Amino acid sequence: MRKLLCPAIALLFALQFTWNLNAQIFNLPDSIETGRVQFEFNADSALLVVDYIFLEDTMIANGKILPLQIGSHTVELNIPLAKKETRTIEVFPDSITLVVVEFEESNISRNSIRGNYTAPEYFGSNVFIATDYDSEVYFDSIYVGTGFAKLNPDLGPHFVTIKNPDFGTKSYLINSLPFGEVYDFYRRPRQDLAKKFAYLPGASQIYKREYLKGAAFTLGFSYLLGSSIQSYINFRDEKDYFDFLVFRYNETTNESNALQFGNEAEAQEQVVNDAETKYLFYTGATVLWYALNIFDAYRTTPKGGYREQNNVEFYLSNSTFSSSNYYSATIKVNLQ
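Going left to right, the sequence shown walks through residues 4 to 339 as my numbering numbers them.
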């Protein structure tokens, strides 16, 4: 049995959506050919949204059968603390289309809140802002918290401003909608990404806002790699020419030609040795520079440190909202 809100809140939630049946979708005129859709899921009731018309939804009971215009439709079923389930169905005349959904048991998380139409009712908020622990959050120029904010603004566009002592101020435009949305506005870099970027020279340093160092590693590696490739090509060309001279020396029967090819081969052998030394130098320098880049990426901590990213559940359990303030309850809404 799933945990819901206290009985009074859960009852209000159910009543609000029980009578919000979309006249255009379910109470269809006789001139429109319809079929029927039956919904079965592992909960007593769920919030149904049809064809992404999120302002026109309804609460349905498990097993409910509803009329729907024939053709293809997208249906979404939502319950608190579970990721919404979306299905594409085909409705046929004079038949029942069965939609079976198994909601996954879940704790509070980004996945269970994002896009969930029941989140605003459950949490009393439809906008959740997560950022660095020392970042101040301003919503439409009004201070709303540090590190995390839980809001229930009017629908439409709003401005969020994040002020951080290490990374300055940055503003974002968001659009408040009638379903849960979690916005991550962290300014600090993530340690796992910094380590992944380490294998691309300079990328980790640039990601950590060490721009000069990152540019040095990128340009240095590019120069050394290019020089290594070019020196290898030059070495191969000189070696091929040396092999050609040796071949001509071994094949010729003319004493004068043999002396000439022998002298040229001896001189070319020194050229080949110099080319090989240059190639090995640039190759070794490239490998060393690449290793130094990885070492620096793993060992250097960015200004202000790495991101301390907590789950939404952490913030909610440490804010004014706490699940311990509510009782467990189950409510069944029967619309048949």
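Careful: at least some of the hints might be erroneous.
[Unchecked claim] Have a look at the derived ranges for each label pair, beta carbon to beta carbon: (1) Asn257 / Leu203: 55 to 65 Å; (2) Asp97 / Tyr175: 45 to 55 Å; (3) Asp143 / Lys198: 43 to 53 Å; (4) Tyr214 / Thr77: 38 to 48 Å; (5) Lys198 / Glu59: 42 to 52 Å; (6) Val274 / Ala219: 52 to 62 Å; (7) Glu59 / Asp169: 42 to 52 Å; (8) Lys199 / Phe250: 47 to 57 Å; (9) Asn260 / Ala218: 35 to 45 Å; (10) Phe57 / Leu203: 33 to 43 Å; (11) Asp97 / Lys199: 53 to 63 Å; (12) Lys173 / Thr303: 20 to 30 Å.
Hints were generated in silico from the structure; no laboratory data involved. Note that this is a predicted model, so its numbers are computed, not measured. Beta carbons: idealized from backbone N, C-alpha and C, even for Gly.
Status of the hints after comparison with the structure:
1. Asn257 / Leu203: 55 to 65 Å: Holds, since Asn257 and Leu203 (Cβ atoms, about 57 Å apart) stay within the stated range.
2. Asp97 / Tyr175: 45 to 55 Å: holds (51 Å)
3. Asp143 / Lys198: 43 to 53 Å: violated (37 Å)
4. Tyr214 / Thr77: 38 to 48 Å: Holds: the Cβ-Cβ distance is about 45 Å, inside 38 to 48 Å.
5. Lys198 / Glu59: 42 to 52 Å: Holds: the Cβ-Cβ distance is about 47 Å, inside 42 to 52 Å.
6. Val274 / Ala219: 52 to 62 Å: Taking Cβ atoms as reference, Val274 and Ala219 lie about 33 Å apart, which means the hint is violated.
7. Glu59 / Asp169: 42 to 52 Å: holds (45 Å)
8. Lys199 / Phe250: 47 to 57 Å: holds (50 Å)
9. Asn260 / Ala218: 35 to 45 Å: violated (55 Å)
10. Phe57 / Leu203: 33 to 43 Å: Roughly 40 Å apart at Cβ, these two residues keep to the hinted range, so it holds.
11. Asp97 / Lys199: 53 to 63 Å: holds (56 Å)
12. Lys173 / Thr303: 20 to 30 Å: holds (24 Å)
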